[in-house]
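Line by line, the protein sequences are chains A and B. Residues 1 to 247, numbered by the working numbering, are exactly what the first sequence covers, in order. Residues 1 to 521, numbered by the working numbering, are exactly what the second sequence covers, in order.
A hint or two may mislead.
[Stated by the list, open to error] Residues of chain A placed beyond 12 Å of chain B at every Cβ, according to the derived structure: (1) ALA33; (2) GLN39; (3) PHE63.
[Claimed, not checked] Rough simulated footprint, nothing fancy, chain A against chain B, three-plus residues with beta-carbon under 8 Å: (4) 13-25; (5) 168-176; (6) 294-306; (7) 409-418.
These are calculated hints, taken from the structure and not from any lab test. Glycine included, C-beta positions come from ideal geometry on N, C-alpha and C.
The chain contents come next:
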Amino acid sequence: MLDLTHIKPYGDTLDDGIVQLAFTLPVELSGKAKEGARQLALQMGFEEASVVYAESLSTNFSFYVLYAKCAESIDLTQILVPEVELKLLSKQEVDETIQEKFQRKLTVIGACIESDAHTVGIDAIMNMKGYNGHKGLESYHEINALNLGAQVTCEEVIRKAYEVNADSILVSQVVTQKNIHITNLTKLADMLEAEGLRDKIVLVVGGPRISHELAKELGYDAGFGPNTYAEHVASFLVEELSRRQQE
Amino acid sequence: MNPKLHLDPVLIARGRELANHIVQRIQEQIETRTTVTVERSVLRLLGTDGVDQAEIPLVNSVVDRIRKAGGLGKGALYWVSNAILQLKLSPQQIAEGVAHGTIDLMSLPVSPKDEIQALALSLAEKALAQIKARREEREALQKQWGKGTEPLLYVIVATGNVYEDAIQAQAAARQGADIIAVIRTTGQSLLDYVPYGLTTTGFGGTFATQANFKILRQALDEVGQEVKRYIHLTNYCSGLCMPEIAAMGAMERLDVMLNDSMYGIIFRDINMQRTFVDQFFSRLINGYAGIIINTGEDNYLTTADAIESAHTVIASELINEQFAFRCGMREEQLGLGHAFEIDPKVQDGFLYELAHAQLVREIFPNHPIKYMPPTKYMTGNIFKGHVQDSLFNVCSIMTQQSIHLLGILTEAIHTPLMQDRYLSIESARYIFNTMRSLSEEISFRPEGFIQQRASHVLNEAVLFLENVEKIGLMDALERGWFADISRSPLGGKGLEGVINREPDYLNPFIPLILKGGRGCA
């Protein structure tokens, strides 16, 4: 019987705990290094570790593939993950709700801020074409969507937000090496606060390494990770702005 | 290569002719202008280097002062040559004097014009002789060690620390890589100066600096000697300092440069008038240095749809080719880009990819075509990603691509780990070896899917070029015809750095390179 308080990895039998591992060691390939890789896996808390493949990558680097059994288990009943809670609306429902509740178009700015030059995420949400068959915000009748593109400074985002009287700012952060995204995101949130704009704007961040929890921590209203489309963001905007209107 | 698509040669010729007309109209404007970075690169070519106490490059100090005094239309070399004649100092000493405020270029007595011109010419000749020496050094090493077999394996290193990059690059070369591209730290493309010195803490890469170039060049020569294969070094000759990076790359013997005539305009929102002038001078230098340029058409397909917009790739390649020809570059230096970016869910998607890759190969038979791997539909499922990359490898060897940028299974997760790169190289070597002669055995069914698709895309590309020719390239860019992104001639970054040339504009590099360009490499 599956016990949610003791969940282990599944290979081909319940609770066998089987995991795949692959890593590189910064030493030349040798019998000693291979045995070292195996013992390292044991020290990681695995049992019955075996190196199934080892290869030299360069004079001083070697690569290992291992299988091992995980001795630990997790109690899923004790885990809480904050997620954006929302009623997902279709494009048409979003447009209808905006007409009904706000009687005006909503203005949304999108940008990859500061150092980030990767527009694939913001384009997927903002641009007419969208992504994977999900149309972007530009295609919504009741939304003015402005995609500012890549490497937009926080100052520029804020200037534009003033200029167009934005209801929301969508920020994309794709490059996360050395946590550069945290620095960028914090900067924008702080500057909006300092400008007195923070409460007037729904601030949303998206990206492959973004979670809702992280976004909330950084002072954003919502964070969206992979598999998010324009309708997710639009549904959230409509919900959040209606909530604020009622307050 | 044996042609398999039976393309209409008249149609291809028509495409080239249209691209030629399109580019000619821009070229006429280019030749009336210069930019701050063109002038800075002239000074760099004379050997001016270094920064002042505020970390501002000396070449920026000098060019900014000339510009503010309204003298840049004559060319920086005019003022510096005059200063050399008047003060009997080297270009470097003059730049230092200007930066420290001890020399005012504009208030010096003016030497006779013919003396200034003669000195400028001899300085340019000397600088070009040095670049030529680096080019000959490359040719000699390639002869001595040999080169990899096409498709050449191209990998990236992106640790953010130049010393770590060197280790990763050497490891990749030992595993079989032929070309190492050092990824540039995010944000450099929009800096209107080239940073100075070594980078050890970059984000997603290192700065393109002359010091970094030198370290990687040395590391790759070391490993090239060891593996008896010339290892090519690549960097980014794009952004607001295209020609300066070209100058640095020429001096440090880089081999490949990402250098597109329109990429900065479309994807970095750099002003188009600025980019057109900058790409011209950067390509003059790249061409003379024997560098292979890579163009960025693959990017169109990450923004627009790879099936619907396939023809814009061909059209842009033809435009890039014409711009490059005007800089004295040869076909063998033009690594025109395209990519394997069709949604994996599309039925017969691989057939579309095959048709496109073969089409590019046949329109550009002598060009070292650069083929880019899937990125847009990479998901984080590394196992599926490895299969997508394997199909890309198959398509590349079947259509005889020249420069093969390896897909990495961890695309969309992080910059490559050493083991990720190893797995990619291993897969490509396996596939290229096991299918080495496959393309010679293939012919496509007459009027079958692949032939029809290729001929359809070519038709559309020519039609597209007809339309661009009617309205002009700048207008087409403004209407968002490339990559669905719209840019205006007065918008974007860097327009303030574009200056009209005066009738006595002095830049002997341009005539010297054009004279000794195409034929000489």
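Next item on the list: Output the numbers, in ascending order, of every earlier hint that fails for this structure.
Entry: 3, 4
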